[in-house]
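Got chain P; can you put chain S on it based on the hints?
2 protein chains.
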Amino acid sequence: MTIEALAARVRAGEPRALARALSVVEDETPQASALVGALYPHTGHGAIVGLTGAPGAGKSTLVDRLALGWCARQRRVAILAVDPTSPFTGGALLGDRVRMQHAGDGGVFIRSMATRGHLGGLARTTADAAIVLEAAGYDLVIVETVGVGQDEVEIVRTADVSLVVVVPGMGDDVQALKAGLMEIADIYVVNKADRDGADRAAAAIDGLLSLQPVAAEAWRPPVLRTEATSGAGVEAVIDATEAFLARTAPLVETRRRQRAAARVRDLALRQVWGHLEREALGPGGFEALIDRVAAREIDAHAAARALTARLLEGR
Amino acid sequence: MTIEALAARVRAGEPRALARALSVVEDETPQASALVGALYPHTGHGAIVGLTGAPGAGKSTLVDRLALGWCARQRRVAILAVDPTSPFTGGALLGDRVRMQHAGDGGVFIRSMATRGHLGGLARTTADAAIVLEAAGYDLVIVETVGVGQDEVEIVRTADVSLVVVVPGMGDDVQALKAGLMEIADIYVVNKADRDGADRAAAAIDGLLSLQPVAAEAWRPPVLRTEATSGAGVEAVIDATEAFLARTAPLVETRRRQRAAARVRDLALRQVWGHLEREALGPGGFEALIDRVAAREIDAHAAARALTARLLEGR
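Protein chains in written order, with my numbering: chain P, 1 to 315; chain S, 316 to 630.
If you are wondering where the hints come from, they were derived from the structure by calculation, not from laboratory data.
No incorrect hints appear here.
Among the chain S residues that face chain P by a calculated CB cut under 8 Å, a handful are:
| no. | residue |
| --- | --- |
| 1 | V351 |
| 2 | Y355 |
| 3 | R571 |
| 4 | A576 |
| 5 | V579 |
| 6 | R580 |
| 7 | L582 |
| 8 | Q586 |
| 9 | L604 |
| 10 | D614 |
| 11 | A619 |
Computed from a prediction, not measured in an experiment: that's the story for all the values here.
No residue lacks a Cβ here, since even glycine has one placed at the ideal position from N, Cα and C.
Looking at chain P on its own, in the form it has when it is part of the complex:
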């Protein structure tokens, strides 16, 4: 099947074509770029919802509930699970999740993104997978990941709106918030809100929020409470997410531009690096160059100049 034919069948919503297209972008095959190019003009109507939080925060269950809630509002929902700690496991609704996975047309589409120990690349392929899903007609793509490191934060940055999930009694979550998640949270969700300490967790987040300056027109992230296992509070999270997307459209647009710029830079430099490694110094040339650095004949700056000299000379 040609890439054009595959793209057409993705747009027609064929489940098998969709699965294959996602494999193409996930494996970063040579056709990935052409496929994304063919589908990208047909995107723009949907939204990417990022959801992150520490392991054990009940993210999968919450994502399932959110997906079901949006389905009830006649929105088509896809889930990209890029949580390396629990791909398709650990949730109380695992049964539902598997069932949804096989629901076919009209149901929630779920895809677990393989990590292969290479999260940096995953941020790249997640962005392409979201384009495929949006072109296939999904209105909402929920990207679920575990918020422990910078790479996961990068994955969440592929989203138009970001939900950060915390649970009571994990004091260090507040540390994690300070360390980076705070920057990306548009909505906070205190999950397992029936547990002791829910008030304290919410108060801790409010405390951190009060330290941040908020422009008059800006969105102030709400702190919502859910019990994902029972579904309590989930509708309010959906409402808040919709409100964010509706009310902060210019902000969402700015983010999309920044993301586009970062992606173009990343892709361009990957092309250039492929060229440099293959051709700039000939076979084994890069290794020989590093040998010289290791032997302290030249330093890394000089080695970098040697590597790029032919490419950049006279330009």
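Okay, now just chain S, sitting in the frame of chain P:
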């Protein structure tokens, strides 16, 4: 002062020249590359010791103790503090630290690296700062950072040997270990070992270690206990660090090579990006390209090809 003159004065151990040289590499001024190039041939005798751990683990106090211990063994010690959560604050030995800072020749040299919210670049400048310090005659450069994200892990990767500090009663530290610190730890330090839960923390780390396959010749990370405020256990940490550097020399050499390769790649791509942004598309060209991506006229892959086309054409 020329860069050659500055380099000579750094090598002569002049404190003012050293401070100025560190500012040159930290600010990534145009001379930074020439300065590092002049100093790099005069390195190789010293070792970089990385030390990381969650906020509140007592890292600063422990680093101070380690530095004093190495001084007593007639080693010259410099500290690069790149902990954005507590640059020069929060430690019980703050007084000592300030005193050491002014101790001048023969004392411990301490430098706080500015973060400016840009940790990615900090890994780069930390590596250059360590070269400057080693060329200035320091035998040990202790790089202290807070282990919460991927970028901090990158900073620790600039080290020849990595110490990971945990404290009893922070259950989520084990999560953090699972999430990345475990990969880089050569030595574990359970600090504040007089607290309840020290046994449990050590046992938790041992449990994680027992899950990892260890080659016959390989180093098995020891789990040591310290009370940094009293100094108890610090000598054993110094012994273990020296043992690691002596016994695993081939491993240290392999790491240095990998680091050199990653640095050369990073520096080369920064040069290329500078060129692309400035010249490939003319003034405002990159922004115009991103406009087209945002308008969905072209996708990111096609934009990247447009950006690199002239550079890579016919090559």
